[in-house]
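> Below, each chain spelled out in residue letters.
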Amino acid sequence: MAAVKFEQAMARLETIVEELERGELPLDESLKIFEEGIRLSKTCLKMLNEAERKVEILVQDRDGKRSLRAVTLDDMDGDQPSSLS
Amino acid sequence: MSMRLSPSSHQPSLFQPETRARILTVSALTALIRSHLEEPFRDIWLEGEVSNVRMPASGHVYFTLKDEASQIRAILFRLAAQQFRFDLREGLHVIVRGRLSVYEPRGDYQVVVEYAEPKGIGALQLAFEQLKERLAGEGLFDPAKKRPLPFLPKRVGIVSSLAGAALHDMLVVMERRCPVAHVVLAPVPVQGAEAAPLIAEAIAALGASQLIDVMIVGRGGGSLEDLWCFNDERVVRAIAASPVPVVSAVGHETDVTLADFAADYRAPTPSAAAEAVVPVLDELVAQIGDRSARLRRAMGHRIELARRSCLVIQGRLRERTFPIYRQAQRLDDAWSRLQAKVVRDLSDRRHRVQELSHGILAHGPHQAVRVLVQKVTHLQVRLRDHMTVFLSRRRQPLARLLGQLHSLSPLATLQRGFSVLQTLPQGAVVRRADQVRVGEMIKATVAVGHLLCQVREIPGGPDSA
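Order-wise, the sequence lines are chains A and B.
Throughout the first sequence, residue numbering follows the working numbering, covering 23 to 107 in sequence.
Throughout the second sequence, residue numbering follows the working numbering, covering 4 to 468 in sequence.
One should not assume that every hint holds.
[To be verified] Result set (SDA-like, lysine to any residue): computed pairs, CA atoms no more than 25 Å apart in a straight line:
#1 A/K27 / B/R179
#2 A/K27 / B/S212
#3 A/K76 / B/A207
#4 B/K135 / B/R57
#5 A/K87 / B/V187
#6 A/K54 / B/S312
It should be emphasised that the hints constitute simulated quantities derived from the structure, not laboratory data.
All chains should be modelled from the sequences, with the hints used to inform the complete structure.
Structural data, given as structure tokens:
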């Protein structure tokens, strides 16, 4: 699942930053994890940016089959005028 | 049971002979009692402690209500029992409403309970506590079963009412915090008798859909009765069984439902649930930016550090190598000195050898020979000188004689222009012409040199015509 991967990537990134900031690793090792860190930060940003917001409703047909129908927040604002507006 | 009359008694009695005519059957009496009892006690409120609870397969509940001094049987028929949200249990202090009834087969009278409520706490509260205890006993609320919420869910399921403010609040919060989060709604009624099974069904359907990473189940604030469906056993079980983590968000902070206990995370309000479920995207982006900046900075430092330690090592290396160079120089010195010494020794020896050989030559037979040779040479010179003097002394008369000889020689004649002819090859001097023949070659010697001549003609000779 992408969510898990993101969290792991962030955790790994943090570990790498801390490791690098401690400055105890040999240079070649530092370079290796530095590259990994840069790659991870790019991957994380990409994960955040590639998703697109959507709101869908899980509806059940008469024959019991379920399907998704897209709605927007505005559709629902119309349904309940008492709130927030 | 028989009763005997006391003969001394004159008081009128039910059992006097006059009334004997009205002998009743047991059933008739019982019916009589029944009709007398049931009517006046048609609607009674009774308070007491529950004991001797029995619940046979029929579903009716039999129990006894008692206080310190008395007790009375009670029955709760199945249909009425189903309306109850709590269970009648031993020792429970209740207030019941019902009617008195006589059970003819046993001659018992009992209270037929139509409604009961726990004394002191409300029925809902009691039902809540009882269900909570039971489900907890099954392990549904086990803290060890709580799952962590996904850090960045791709899709969030929401089980709530489409019409509720709660949904609107959640969507607004999610839009603000994480504009990329994808929401899948499962609309349900969130109050009323129909709500609980539909909520349970929606939770199960969303959970099984594999569309979502996390689910929020909830509604906005309301009365205890309004929120009651979130205490429903079916809803609680559906939450506990969900394959994805569930966040409960029912009512306000002070409202606690069994759904909250079963959920992986209890949010005090729907808005709080939305906050718990999605991270703030901008913060994440900033965090990533910060980490990558720290990464670069740390790498920069690391490289600088490496550069510096490189310089240090270089310096130390130089310190170490300097003595080596000095040693090498010393070695070179030693080598050249050694070389020089060897060369010098060699040439010393060569000189010595030369001296020795000179000595040998000086003192050996060689020198004596040379002296002798010199002596001989000297003698030769002297001899030659003597000879020269001696010869030149002798040469003067000889030259005179030679002059004389010269004037007599044919050479002088030749000098005067005469020539001598000689035959060839005999060399006989030709004094007469007949000594030769025409065509023969003869040699003419003149004062200087010879001529080879051919005889062309001999006048007066035998061949002349």
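> All hints, please: hold or fail.
Cross-check of the supplied hints:
1. Between A/K27 and B/R179, the direct Cα distance comes to roughly 23 Å. Compliance with the 25 Å bound is thereby established for this hinted pair.
2. A hinted pair counts as satisfied when its Cα atoms are at most 25 Å apart, and A/K27 with B/S212 qualifies at roughly 21 Å.
3. Taken as a hint, the A/K76 and B/A207 pair is honoured in the structure, with Cα atoms around 22 Å apart against an allowance of 25 Å.
4. This hinted pair checks out: B/K135 and B/R57 have alpha carbons roughly 22 Å apart, not beyond 25 Å.
5. For the given pair, A/K87 sits about 16 Å from B/V187 by alpha-carbon distance, which is consistent with the 25 Å threshold.
6. Restraint check: the Cα-Cα separation between A/K54 and B/S312 comes to about 19 Å, which is no more than 25 Å; the hinted pair holds.
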